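Using the hints provided, position chain L relative to the given structure of chain F.
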Amino acid sequence: MEDVLEVRDLRMRYGKTDVLNGVSFAARRGEMLALLGPNGAGKTTTIEILEGFRMRSAGEVSVLGTDPAHGGEAWRARTGVVLQSWRDHAKWQVRELLAHLGRYYAPYSTASVTRPWDVDDLLETVGLTAHARKRVRNLSGGQRRRLDVAIGIVGRPELLFLDEPTVGFDPEARRDFHDVLHRLTDREQTTILLTTHDLDEAERLADRILILVGGTIIADGSADELARAMSGQSEVRWSRDGQRFVHAADDATAFVRELFRQYGESVEDLEVRRASLEDTYMALVRLAEHGAPRKLTAVAA
Amino acid sequence: MNPTLVAARAGLSRGWIEFKQTLTRPNDLIAILVTTGGFLVAMIWTRNTHVPGTDFSLGTTMLVSVLGLNVVVYGVVTMGDLLVVEREDGTLLRAKAIPNGMLGYLVGKVVNVSGQVALVVAITLLIGAFLFTGLAIGSPGSWLTLAWVLVLGLLATLPLGAVLGSLFPSERSAGRWWLLLLGGLAAISGIFYPITHLPVFLQWIGQVFPMYWLGLGMRSALLPNALAAVELGHSWRHLATFGVLSAWAVAGLMLAPVLLRRMARRESGSAVAARRDKVMGRA
Numbered sequence: 000m001e002d003v004l005e006v007r008d009l010r011m012r013y014g015k016t017d018v019l020n021g022v023s024f025a026a027r028r029g030e031m032l033a034l035l036g037p038n039g040a041g042k043t044t045t046i047e048i049l050e051g052f053r054m055r056s057a058g059e060v061s062v063l064g065t066d067p068a069h070g071g072e073a074w075r076a077r078t079g080v081v082l083q084s085w086r087d088h089a090k091w092q093v094r095e096l097l098a099h100l101g102r103y104y105a106p107y108s109t110a111s112v113t114r115p116w117d118v119d120d121l122l123e124t125v126g127l128t129a130h131a132r133k134r135v136r137n138l139s140g141g142q143r144r145r146l147d148v149a150i151g152i153v154g155r156p157e158l159l160f161l162d163e164p165t166v167g168f169d170p171e172a173r174r175d176f177h178d179v180l181h182r183l184t185d186r187e188q189t190t191i192l193l194t195t196h197d198l199d200e201a202e203r204l205a206d207r208i209l210i211l212v213g214g215t216i217i218a219d220g221s222a223d224e225l226a227r228a229m230s231g232q233s234e235v236r237w238s239r240d241g242q243r244f245v246h247a248a249d250d251a252t253a254f255v256r257e258l259f260r261q262y263g264e265s266v267e268d269l270e271v272r273r274a275s276l277e278d279t280y281m282a283l284v285r286l287a288e289h290g291a292p293r294k295l296t297a298v299a300a
Numbered sequence: 000m001n002p003t004l005v006a007a008r009a010g011l012s013r014g015w016i017e018f019k020q021t022l023t024r025p026n027d028l029i030a031i032l033v034t035t036g037g038f039l040v041a042m043i044w045t046r047n048t049h050v051p052g053t054d055f056s057l058g059t060t061m062l063v064s065v066l067g068l069n070v071v072v073y074g075v076v077t078m079g080d081l082l083v084v085e086r087e088d089g090t091l092l093r094a095k096a097i098p099n100g101m102l103g104y105l106v107g108k109v110v111n112v113s114g115q116v117a118l119v120v121a122i123t124l125l126i127g128a129f130l131f132t133g134l135a136i137g138s139p140g141s142w143l144t145l146a147w148v149l150v151l152g153l154l155a156t157l158p159l160g161a162v163l164g165s166l167f168p169s170e171r172s173a174g175r176w177w178l179l180l181l182g183g184l185a186a187i188s189g190i191f192y193p194i195t196h197l198p199v200f201l202q203w204i205g206q207v208f209p210m211y212w213l214g215l216g217m218r219s220a221l222l223p224n225a226l227a228a229v230e231l232g233h234s235w236r237h238l239a240t241f242g243v244l245s246a247w248a249v250a251g252l253m254l255a256p257v258l259l260r261r262m263a264r265r266e267s268g269s270a271v272a273a274r275r276d277k278v279m280g281r282a
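Chains as they are written, first to last, in numbering that gives the first Met the number 0: chain F, 0 to 300; chain L, 0 to 282.
Chain F extracted, bound-state conformation (with noise of 0.2 Å):
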């Protein structure tokens, strides 16, 4: 199948500072995509490319088969886009604004993508329903950035941006609102990249995790894939005497053998735990930035 979205060495130089240093990596057809990385790391940098808004310095990309440099009006009612901080439109009502924007979509429907999607359908899907009357000043944050999204995919867009879409959102706002996503790629096969600082969050949601630091791609794959690739990360706790120790073992299970065999019945409080995602992040990002990971040694509590 065409991939959605294509970068290749994709580089970034604003005077003499290098932002993206030959960024590649490809999205198919309704995949979910996490962009994560440190801040500066260069991740707003890419996406502001990928949407359009933003030249590059050198590198090849396609966004939907189009150079997003010269995309035209045609190619932009095939993108959605949901940046970090809207504040616009705040004397609008909810309904009146998505009918509104939607209507900029209407000559751009095809056989098989209707545009732009029925706003009632739209209100009950990022659940806004009881909301569609009030003013968009007087929506709550997480509301707000519902509506965000719903603008964002007003026009049924194939590829649709997130930059930090849940930031402020309390735990069932953000359920709710993974909910939405899952179905956009699951019924509407839309590709989505999103950026997040939630680890947890690309987890759960994102097929792929693309790790970005210092303008590089430093990992490619699924959560799963990059726990394994970094799997001499297992953290092993226990106590012995009354203190407590950490430690980072390649091989967890030699590493438990061998502690019994050394310390037998006085080994207590034993804990084996596989990399999370977020300890895979910490060390790949060490690696990268440090060149080399940082021991995990035990330590006196």
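Keep in mind that the hints are not guaranteed to be accurate.
[To be verified] In silico BS3-like pairs for lysine-lysine, Cα to Cα no more than 30 Å straight-line:
no., chain 1, residue 1, chain 2, residue 2
1, F, Lys42, L, Lys19
2, F, Lys15, F, Lys42
3, F, Lys90, F, Lys133
4, F, Lys90, L, Lys277
Since the hints were made in silico from the structure, they are not lab data.
Since the model is a prediction, treat every value here as computed from it, not as a measurement.
What follows is chain L alone, placed relative to chain F:
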């Protein structure tokens, strides 16, 4: 369905919705009423003063001239301010993110601001008709002149507002400029007192800008013909009015798309976020 046409039509309804919001939002409405009311007080004050060399009420002349000032205030300042504010709050970026959104956005702005100008002119005239004497509003010719001066005035000022709005870096810096610009221009454009009483070089400067010609055009429409005698050249100078306002319109319409495109090109999520952080850091 032609996408451009669809967006233009969406822009029309966008303008209408925003205009209605202006009318139903107490803050916006109060701002309009306070400015209009302030001017009316000044006019009533001078109602019984005469235009030098005539026995015509200075207040009535001022009332009519202020209509011209209003076109500049709304066409340039309101338009420019909306652009600056909506660039900061992300409305413009939103428009950029949807197909032909910028076109719809601009059409909407033009409709909204034109609506506000029409409203203010109507309110001022309505009150003026009751409180002031000497308004020549009986003949169809008056209304015809008023109509073309108004339309040409909007064509001259709206693109200018868009140009300035796209140049000002922030809402706060824009505020200072507007005040300076308007205050200075009003003083040398013969709005509150006949321009003939100014030093000649100031008369020339005043005649470069649209405000003088809008004031003159409004006076020619709504004052008795005899009052042309106190104007420069003892004439309403319709041809010159048409010429100067058209020149501003052409210049603005040529410059505005270039600058608006430049401004839109620079818009991105991080640009909006950076401006917001700056505003919050200062607050």
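Status of each hint after checking the structure:
For the hint pairing lysine 42/F with lysine 19/L, the CA-to-CA distance comes to about 40 Å; that exceeds 30 Å, so the pair is violated. Note on lysine 15/F and lysine 42/F: the hinted pairing holds, with a Cα-Cα distance of about 19 Å set against a maximum of 30 Å. At roughly 10 Å between alpha-carbon atoms, lysine 90/F and lysine 133/F fall within 30 Å of each other, so this suggested pair holds. Restraint check for lysine 90/F and lysine 277/L: the C-alpha separation of about 24 Å stays at or below 30 Å, so the hint holds.
Comparing the model with each numbered hint stated earlier shows that hint 1 is the single one that does not hold.
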